[in-house]
Amino acid sequence: MKILRTIAATRRFRSQARGRVVLVPTMGALHAGHAALIRRARSLAGMAGSVVVSIFVNPTQFGPKEDLSRYPRPVSQDQTLCASLGADAIFHPPAGEMYRADFSTWVHEECVSGGLCGASRPGHFRGVTTVVLKLFTIVQPDVAVFGLKDFQQCAVIARMVRDLDLPVRLVFAPTVRERDGLALSSRNAFLAPEERAETPSLRRGLLAARAAFLAGEGSAAKLVRIVRGEISRSARVDYIEAVDSATLQPVRETKHGDTIALAAFFGRTRLIDNIQLR
1 MKILRTIAAT RRFRSQARGR VVLVPTMGAL HAGHAALIRR ARSLAGMAGS VVVSIFVNPT
61 QFGPKEDLSR YPRPVSQDQT LCASLGADAI FHPPAGEMYR ADFSTWVHEE CVSGGLCGAS
121 RPGHFRGVTT VVLKLFTIVQ PDVAVFGLKD FQQCAVIARM VRDLDLPVRL VFAPTVRERD
181 GLALSSRNAF LAPEERAETP SLRRGLLAAR AAFLAGEGSA AKLVRIVRGE ISRSARVDYI
241 EAVDSATLQP VRETKHGDTI ALAAFFGRTR LIDNIQLR
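Heads up: the sequence shown begins at 1 in the working numbering, then just goes up one per residue.
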């Protein structure tokens, strides 16, 4: 497995690759959810293709009061996991390789990025779209694999690929969870034991709302209240919204295929989750 630290080295790797190249973009601190994405990438690449895992803690998607400095960076552990899963290369650049000191060009999606996390984290998705486009132009993958835990991120990237006619096939993989329902996330490591004990209430609320929907309840407001009623009182809810899965616009009456998405703080740790109503 190659460790690629520069754009030039990554482009050389790509020029020599044979078969399908599949990219798994990550910020490192890899867990079982990432492992599932890498396995999916390996199956998509086949024996003749190549799997590239990018590990880059992207500073431009963090706000000034967010956890960039605290974000875990277990590089050796991540490399060992990637090698064990059959990755062919890791693209692990320093920030200066990705962003020059006078960097001034951004990608801004203006429709599906505005609500949900986009409303509470201004500038976040500008950083996401910019770095993902850079990764696509550097690695030039045939396929890129993302996890649906980051539901809005998937929608934003899909819109960017569509609107800019990028020659990349997107694959969105299901959320991987702990046995108690908590969605796997690198940020889970920040949770204190007493906070971690309360986090399954997020999944509990989403499942209760879906059960009510399947039993005939269509009011988005009532479904949101069901979710909120299940979430631990120790949590600080950022948002709970029922949205159209394609446009991410809020809905008043839900239909099959709509999504309920949420974000909540447990202590200083912000967690997100979602569920489709189907």
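What the hints contain is simulated information worked out from the structure, not anything from laboratory work. Among the clues, some could well be false.
[Unchecked claim] Subject to a maximum C-alpha distance of 30 Å in a straight line, what follows is the list of computed BS3-like cross-link-like pairs (lysine-lysine): (1) 2 with 65; (2) 255 with 65; (3) 255 with 149; (4) 149 with 222; (5) 222 with 134; (6) 134 with 149; (7) 222 with 2; (8) 255 with 222.
[Stated by the list, open to error] Label pairs and their computed distance ranges (CB to CB): (9) 101 with 181: 43 to 53 Å; (10) 236 with 12: 16 to 26 Å; (11) 101 with 222: 15 to 25 Å; (12) 95 with 171: 37 to 47 Å; (13) 97 with 211: 28 to 38 Å; (14) 170 with 106: 18 to 28 Å; (15) 166 with 3: 19 to 29 Å.
Source: prediction; values computed, not measured. Cβ atoms here follow ideal geometry from the backbone N, Cα and C, with glycine treated the same way.
Tested hints:
1. 2 with 65: Since the Cα atoms of residue 2 and residue 65 sit roughly 35 Å apart, the hinted pair is violated (cutoff 30 Å).
2. 255 with 65: This hinted pair is violated, its Cα atoms lying about 37 Å apart.
3. 255 with 149: Distance ~21 Å between residue 255 and residue 149 Cα, so the pair holds.
4. 149 with 222: At roughly 23 Å apart (the allowed maximum being 30 Å), residue 222 and residue 149 satisfy the hint.
5. 222 with 134: Not satisfied, since the Cα-Cα distance of roughly 41 Å exceeds 30 Å.
6. 134 with 149: Roughly 22 Å separates the two Cα atoms, so the pair holds.
7. 222 with 2: Outside the cut-off at roughly 52 Å; violated.
8. 255 with 222: holds (14 Å)
9. 101 with 181: 43 to 53 Å: holds (44 Å)
10. 236 with 12: 16 to 26 Å: Violated, since residue 236 and residue 12 (Cβ atoms, about 48 Å apart) do not stay within the stated range.
11. 101 with 222: 15 to 25 Å: violated (52 Å)
12. 95 with 171: 37 to 47 Å: violated (27 Å)
13. 97 with 211: 28 to 38 Å: violated (48 Å)
14. 170 with 106: 18 to 28 Å: 21 Å Cβ-Cβ, so the 18 to 28 Å window holds.
15. 166 with 3: 19 to 29 Å: holds (26 Å)
Checked against the numbered hints given earlier, the structure breaks hints 1, 2, 5, 7, 10, 11, 12 and 13 and satisfies all the rest.
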